[in-house]
Amino acid sequence: MSHPIEVGYLRWIVLLPLLGAIINGLFGAHIQKRLGRGAIAAIACTPVAIAFLISVSAFFQLLGLEPNQRFLLDDMSKWIHVGDLKLNLAFWVDPLSCTLILVVTGIGGLIHLYSVGYLDDEPSIWRYFAYLNLFTAAMLTLVLGDSLLVMFVGWEGVGLCSYALIGFWYKDLNNATAGSKAFIVNRIGDFGFVLGMFALYWCLDESGQGTLIFRELAERVHLISDQKVFGIAAATFITLAFFVGATGKSAQIPLYVWLPDAMAGPTPVSALIHAATMVTAGVYMIARMSFLFDMAPDTLAVIATIGTATAFLAATIGVAQWDIKKVLAYSTVSQLGFMFIAMGVGAYSAGIFHLFTHAFFKACLFLGSGSIIHALHHEQDMRNMGGLKKYMPITFLTFFVSTLAIAGIPPFAGFFSKDEILWKAWSSPHGSGWIWLFGSMAAGFTAFYMFRQVFLTFFGEYRGGQAHGHGHADHGHAADHAHAVHGGHGHGQEPHESSKVITGPLVLLALGAILTGFLNVPGALGGHHIFDNWLAPVLQAGSHGAASPAHGAAGAHGVASELAADVEHVAHSVAHDPFEYILMSVSVGIALFGIFLAWLVYEKKAISPERFSEVLGGVPYNLVYNKYYVDEVYQATLIRGTLALSRILSAFDRWIIDGAVNGAAAVVRVVARVEGAFDTYVVDGAVNLVGAVSLWAGNRMRAIQTGHIYSYLYAIVIGVAVVLFVRLI
Amino acid sequence: MIEIGLHHYLVVSLIVFLAGLFTVLTRRNAIGILMGVELILNSANINYVAFSRFGGGGYDGQIFSIFVIMLAAAEAAIGLAIVLGIYRKFETIDVEATDTLRG
Amino acid sequence: MPTNPLTWMIFLPLLGAAVILCLPRNAHQLIKSVAAAATVPPLLMAFSLFQSFDRTIADMQYVTKIPWIASFNIEYFIGVDGISITMVLLTALLSFICIFASWGIEKAVKGYFALFLLLDTAMMGVFCALDFFLFFVFWEVMLLPMYFLIGIWGGPRREYAAIKFFLYTMVGSVLMLVVMLALYFYNDPHTFDLLELAKRAPTYSATFQRFAWLALFIGFAIKIPAFPFHTWLPDAHVEAPTAISVILAGVLLKMGTYGILRINYPILPQGTLEFAYWCLVALGVLNIVYGALCAMAQTDFKKLIAYSSISHMGYVMFGMATFTSQGIDGAVLQMFNHGTVTAMLFLLVGVIYDRAHHREINGFGGIAGIMPFYTGWTALAFFAAMGLPGLSAFISEVLVLLGGWRYYPVMTLIAASAVVLTAGYMLWTMQRIYLGAPNEKYLTLPDISAREVFTLVPLGILVVVLGVYPQPILDLIGVSLHKLNEVVLSAGQGGPLASTGTPPIVR
Amino acid sequence: MIYAALFYLIAGLTVFCALGVALSRNVVYSAFFLMGALLGAAGLYGFLLADFVAVVQILVYVGGILVLTLFAIMLTHQIAEVEVSNRSVGRLPAAILVIVTGVGMGLAIFRAPWHTAPSGEPPPTTYGIGEAFLGPYLLPFELASVVLLTALIGAIVLSRRELRD
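Residue numbers (the working numbering), protein chains in the order written: chain A, 1 to 729; chain B, 730 to 832; chain C, 833 to 1339; chain D, 1340 to 1504.
Be a bit skeptical, because a hint or two may be false.
Stated by the list, open to error - Dumping the calculated BS3-like pairs for lysine-lysine here, alpha-carbon to alpha-carbon at most 25 Å:
id	chain 1	residue 1	chain 2	residue 2
1	C	K1315	A	K86
2	A	K171	C	K1273
3	A	K389	A	K604
4	C	K1315	C	K1031
5	A	K605	A	K390
6	A	K78	C	K1315
7	A	K171	A	K33
8	A	K390	A	K604
9	C	K1031	C	K897
It is worth saying that the hints were derived from the structure and are not from the lab.
All chains, full assembly: derive it from the sequences and hints.
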């Protein structure tokens, strides 16, 4: 890889949101009191907006470079220099990270804006925005970090912010618990991440080339090809460890359990963190190190399998949820599964593309559901909704568009990205028919439950009104304010469309859900793989990237022509398999069938849901309804087990170890006591006897001491006389 | 009449001593007791000087007697001061009344 | 007048103690002011020391060497190198802070502050001493004030805790004394000079090294405290007053690991290589995991922090035995970072204890809504203790684990799993005390006071700054530790481990 | 002959005065008897050719100690009470004891084989004593002066009224 171009402005992408977080975090309470909520919102939103602009300019700077030269570096300072380990605080931008920062700052900015409207009844909004800005900074660090350790800083940082934001309404202990759960599960993933990092470093160090900097890793990674760790190939071990990290962050089996619970956070948080950005970090990380994963086909197989299983199982769970956000949560897990399928079959750019489109439509869905929840005063149960289409037209329209996108209906974004993945799952050498089959079925389930949601929420009659109080109880903290702010909108009244601050981002995101798909229209449909080619310089290292584009600088100006020029060479390098069209139609067909079924059950009511579950059979339905009891199993085994172990060890500590110490002390004490008794009664007895005798004698003899001089004189004289006579006689 | 010899002096000294002893034993007046002590000291001095004269020992006996006189002076000064103190404290110098040191 | 700043740093507090002894018993304010004044100059000197310390050489700096008890060749020999400089800085800082943390002491104020300053002198002396005898003297002097500070100003079971602490440490001292004398008489001419003793390391027989190493190790392990010699710590912490807990965890525990680095490593390098795996790596990892699991089961807030200390000190033991630059630097950095982080934690426990008069974790709830600023500080300290990036402990723990992987991957695996446990008990505690609905009983608790914030601010700044930019400390310690590592590893070349090649011990 | 008569006279005076000290009912009388006894003793010293000691005896004892004693008597007793002040009790046991002791001592005097040297003419005593004090007895001499000083100070301290109270 060529030398990077040093630029000084990348740091501001990270530092500005961080600055916003610091200002709001330290002084937010005062600012809010003095200057009002508007100032807080401005302090929070402006840095993200500027960061977005900087990202865009970075994008254009990259675009102005040759594809192989697209690499900007901002080296801030030394960070950790110990021995051979030399890490700097440095940020870099290449096409891959550029895509991500655009998503993070762009969608992140929209969600910041949306939050202003959504949290208009939140008393300590400064805290919220401080967390949100901090999250943005951490996520950007994750994406921009030029070494694994800097990435890890962001990696853990987003986990922390996720914890803080899930537990934002901490006065309800359930929210706090959900936050802790998210953090701890993420930590299990982090554990894998660090192990992978250590193993990678020392494997390279064997040849004196230890490093954690991505661009050096890419050059030196071949050095580990014949090394072994714990008896398995080093590359396999390292990638598996990193994959553990990815499953934690990106909510894959078996570590996905935290994500549905994470819906306890405010809805914009769910949209930003638990749909668009943070959860995709695992995907990004694998793509970032695609050069390494390419060396470990075994790992890729594991990833594909896990991804497929996650996509399928989460989709089935989504079918039986009633909470509007839980449905979306499982849908997110499922979509992440698709991305991992892409990673697992080596179609990195397809995965990133799905990440990209998913960010738009899933954010839109979450924000739409947030709009509904906001309008219904924190009502989240879909059984209490219905008929909202006519009250909230904009929300409905955007939600519906995004639903079509996620269901994979052409020409919406999700169709292109998901279909690309399914096609690669079939056609890639790492893929297989099974992956395609389960993936398609998952897509069908997705279509079903998403439309189930649409029908339940927007169609039919409004079933709410009586249950408002219930909704309030869920978020007691906000209840007072809800009444104050929505003064003209009391109980029993009809819901109404949200404010422009909320609908604006919805519209923009929906536009994204429609349009982004066209960035990567597959060749089979006459497209140019613009997106694939944009990422090609980064992801080409493996065998599955597009063929290396070897062309001179395109003199053309403007994004479209520039991109088009890049693409030219590879667009049709893969021959069109007729099978691609068949698969495409089949998957669209499955999706349409899912939608039809949902329509039958929830709109036409030809089949009652109860009947439906009966048809499905009690056991599978219960299994799905209860999320396969995974949480319960974890609770019973891992958590209980750990706690029991900790109690046992603590008791061991208290009774055995400390007991041994105290026991030794007790033995010493017993010995001492025996000795003490001897001392008291024998030795001391003798001493005391002497004392007693002296005392007795003293008492007796004290009579002699009269205090009269003459009595002493008598004694003296008598004594002298006696001595005298004794001497004389 | 025999020559005045050592024994004469010793007898005088003995009588003075016994008188002093008797004084010390019978007086209840502190000053009286002190006077008895002075008599005893004088009898010792007579002995010293007599032994010095008849023992042929040069000046040693006389020097000792001078030391004794010196000590007697010191003793008298201290003793009388104490007596005065006792008198102030107890309003009497009767040694029977001053038995604070009784065991 | 002595010109060596170290001498001043050691004895100024003692001077302060003497002045306090001359003050009237009831002049509380004056006594406290004098105590504070006695800790300020050492702190300022520590700053200038930090500025002027030569980072490019591994030798001792600021050396003073004058005969003390000439007939036994005992010297007043002090100096600092990269290993001890951080500890000196930490001691100066924590002593200063703890004076203010003790501001609320009402019982026998005069005695308390006099003993505290005496303790300060002893601690500083231990870290500066380069004569084994001097080291031992300071080590023992430290015991006495500690015993009284726990035994008089402590909690309900203070006598038990104080005696336990005293006896445990005395056992260690006896072993150290034996080794000290053994080293003294083993060498001819007899000497207590640690540098001289290290120079003669190749002449010690293998058996001698083994016995001496183990005896010294047990002596130091009690102080660290390493499993299974750790049970004095929770008791001592629970009973000790806040400031003493801070000193205990912040400085005293470091003396164990410092002693190993200062004495065991250079003087008995072959013993070090031989026992590193079982005594340092295995016990260190056991400390990490065991401490974390025990912490999870505690219901006393302070006891929990005490066990977390045990866990975190495990990283130091593990790191120093990795024999990589990263690991050993990480270990010393962790000594410093643990000092600041755990000091914060104990100060924070003290804050809530002063208000609620109990430390039962399950007896709180929703404190965040009542004392928001206090909770903010606690969150910072908790996250630092969890090793979150951007905060100081992260750097040191990552370095230790990174270094550990080279020779002991399995152990690293086990040790790294503790990050999950640590997050578990920390967050669980956080949740039980601070989150949830506010406890009705404590609605009126006042938030953290300015004085308490004052004690926390320097630590908080250090935690954040060293988390973002650890290089100043790494520069400080790097050269000396590199040399020490080389010394130990090269001793393996001629010793029984010469044949094993690059990794000294892989089992 | 005159020499012997003079000796008996002085010795008798001394004995008489000593007995007077012992037996007198009045402490003032006792004091004056004491003076007589001391003068007698001084006379005896003269007989023994110890002229310096005799002079010291008169100066110190008669001029110093006795005057002191009289002062003490005056300070502690009003003149009116002089008659009853010199109480003396238990004379019988004291007399028995004194006689017994006297007998014992008398026996000792006459039984002991006293070493007597030929009594040559001694040189002038003042000169010799002065030599001895500044020669072999220098240290005791100086010590004696210290003792006297101490006694002086002690006496003053003891009799200071404010300290006693």
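Hint by hint, here is what the structure shows:
| no. | hint | in the structure |
| --- | --- | --- |
| 1 | C:K1315 with A:K86 | holds, 19 Å |
| 2 | A:K171 with C:K1273 | holds, 16 Å |
| 3 | A:K389 with A:K604 | holds, 16 Å |
| 4 | C:K1315 with C:K1031 | holds, 13 Å |
| 5 | A:K605 with A:K390 | holds, 20 Å |
| 6 | A:K78 with C:K1315 | holds, 22 Å |
| 7 | A:K171 with A:K33 | holds, 22 Å |
| 8 | A:K390 with A:K604 | holds, 18 Å |
| 9 | C:K1031 with C:K897 | holds, 17 Å |
Checked against the numbered hints above, the structure violates none of them.
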